[in-house]
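Novice: Given next are the chains, with one letter for each unit.
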Amino acid sequence: MPAIFTVDPRSGVPLYLQVIEQVKRAVALGTLAPGEQLPTVKSLALDLTVNPNTVARAYRDLERDGIIETSPGRGSFVRANGAPGEALRAAEDVAAALLGESVRQAKALGLERPRIAALLEDVLGRWFPEIGEE
Amino acid sequence: MEHSIAIRDLTKRYGDFTAVSNLSLEVEPGSICGLLGPNGAGKSTTFKCLLGLARPTSGSFAIEGKALTPATFESLAYVPEKSALYENLTLAQHLEYYRRCYARYDAARAGELVEMFKLERKKKVGRYSKGQRTAVALILAFSLRPRIFVLDEPASGLDPIFQRLVLDLMIEAAAGGATILFSSHQIGQVERAADRVAILKNGTLVVDGSVDELKTTEKIVEAIFASAAPDIDGLASDPRVRRIERSGRIVRAYVRDGSDAIVKRFEEFSPRDVTVMDLGLEDIFLTAVDGRDATIPHGDQP
Chain A
1 MPAIFTVDPR SGVPLYLQVI EQVKRAVALG TLAPGEQLPT VKSLALDLTV
51 NPNTVARAYR DLERDGIIET SPGRGSFVRA NGAPGEALRA AEDVAAALLG
101 ESVRQAKALG LERPRIAALL EDVLGRWFPE IGEE
Chain B
1 MEHSIAIRDL TKRYGDFTAV SNLSLEVEPG SICGLLGPNG AGKSTTFKCL
51 LGLARPTSGS FAIEGKALTP ATFESLAYVP EKSALYENLT LAQHLEYYRR
101 CYARYDAARA GELVEMFKLE RKKKVGRYSK GQRTAVALIL AFSLRPRIFV
151 LDEPASGLDP IFQRLVLDLM IEAAAGGATI LFSSHQIGQV ERAADRVAIL
201 KNGTLVVDGS VDELKTTEKI VEAIFASAAP DIDGLASDPR VRRIERSGRI
251 VRAYVRDGSD AIVKRFEEFS PRDVTVMDLG LEDIFLTAVD GRDATIPHGD
301 QP
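Line order of the protein sequences matches chains A and B. Be aware that the first sequence starts at 1, since it is given in this note's numbering, and climbs by one per residue. Be aware that the second sequence starts at 1, since it is given in this note's numbering, and climbs by one per residue.
Fair warning: there could be bad hints in the mix.
[Unchecked claim] Listed next, the stretches of chain B that the computed footprint assigns to chain A, with coverage defined by at least 3 CB atoms under 8 Å from CB atoms of chain A:
no. : segment
1   : 27-34
2   : 72-80
3   : 270-282
None of these hints come from the bench; they were simulated from the model. Every residue gets a Cβ at the ideal spot worked out from N, C-alpha and C, and that includes glycine.
When you get a sec, could you build the whole thing from the sequences and use the hints?
Specialist: Below, the structure written as structure tokens:
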């Protein structure tokens with residue numbers, strides 16, 4: 001069975017942050033449904049071939065952020081109550097980071113704010129045509 | 001918490017040559033610690049001193065809080081760089097020898113591992129390739145289900161598939177509570193399997209910390225200016241800056257723990273762009289051992 005997440009150990013992004021991002025993305029996309037069980041620390045560590053303490057740290061942070069809940073002896077689950085809100089927040093976290101990086105690079109290329117805003121409108125029009133077209 | 005492995009102030013001299021200098025390293029239970037360093041940095045010497053196979057010039061060691069005795073080896077497995085095997089015995093005979101010598105030898109586990117490494121039981125070990133000999137040594141070590149593993153280049157001579165298998169075995173053991181100290185030349189193995197990395201250079205520990213923590217703190221801040229990069233006062237002597245590279249309109253600062261502050265310094269000079277770049281373990285390793293930076297103080301080091 002393929003691993004449900006992928007990580008890039010060679011990246012400079014700490015592995016536990018990559019695992020957190022992957023879980024948030026899966027919750028946001030619904031590939032992990034509210035109430036669904038996550039792999040155990042050991043099985044995810046083996047699936048990804050990464051250190052078990054790294055996975056355990058990611059799960060602790062996800063629990064602290066209210067994305068998952070862990071009950072001793074049963075395992076870790078995507079939080080069922082209020083999960084749509086958490087999923088939306090998780091999606092926003094991921095998207096904000098991606099958009100932020102794009103805008104930063106556009107600014108670095110020397111574009112002024114109105115020009116970047118116009119470009120963003122163009123892009124939005126392409127992905128949400130029903131709003132742009134009468 | 002009691003350390004699984006503790007090395008304190010190890011110094012080992014061979015005549016005038018100092019192989020290891022004042023090295024202290026502690027590994028916590030359930031942790032995988034990867035020891036990196038160029039050839040001759042002192043990795044194998046450290047292992048030999050730790051396990052009583054070489055006499056340290058000074059220093060002390062503890063395994064699970066106790067000094068080393070023959071009883072220590074009931075919970076510890078060591079796989080040396082050059083595996084100590086019997087050339088004229090077959091793999092089956094090695095396994096039988098272990099079954100007779102060690103009450104904790106797990107024959108079922110050994111059988112699984114032999115299958116995994118696809119080895120012929122009836123072949124004399126002397127006729128095995130280097131990688132296969134490494135596999136035999138690992139099979140014997142893992143069949144004893146020790147609490148502590150000391151592995152000197154455990155994947156040397158193995159092809160990428162079996163290298164991955166070795167990492168999986170280490171990860172599985174650590175998930176079950178075992179502690180592993182291993183050396184490697186392959187940074188990618190340490191980057192995956194280890195939660196802790198120690199980097200040796202000329203017998204001195206130059207980096208010691210959590211892999212994720214190092215990736216969090218070690219950054220390159222790159223600023224691009226509209227014209228020639230300005231001379232930024234005090235940047236080179238800033239304790240957070242370990243190295244500066246300049247080239248025309250670009251300045252790159254290698255920063256530990258404080259990239260935000262360095263970004264602000266650059267922004268005072270109105271750059272076109274400032275980017276904070278992450279560093280992989282390979283870059284961290286090369287920066288640590290390339291000689292431009294003799295010692296890097298880190299974390300709980302005095």
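Novice: Against each hint, give a clear statement of whether it holds in the structure.
Specialist: Cross-check of the supplied hints:
For the segment 27-34 of chain B, the stated coverage by chain A holds: 3 residues have a C-beta nearer than 8 Å to a C-beta of that chain, and at least 3 were required. Counting residues of the segment 72-80 of chain B whose beta carbon lies closer than 8 Å to any beta carbon of chain A gives 0, which falls short of the minimum of three for the stated coverage. With 9 residues having a beta carbon nearer than 8 Å to a beta carbon of chain A, the segment 270-282 of chain B meets the requirement of three or more and the stated coverage holds.
The structure is inconsistent with hint 2 alone, although it conforms to all the rest.
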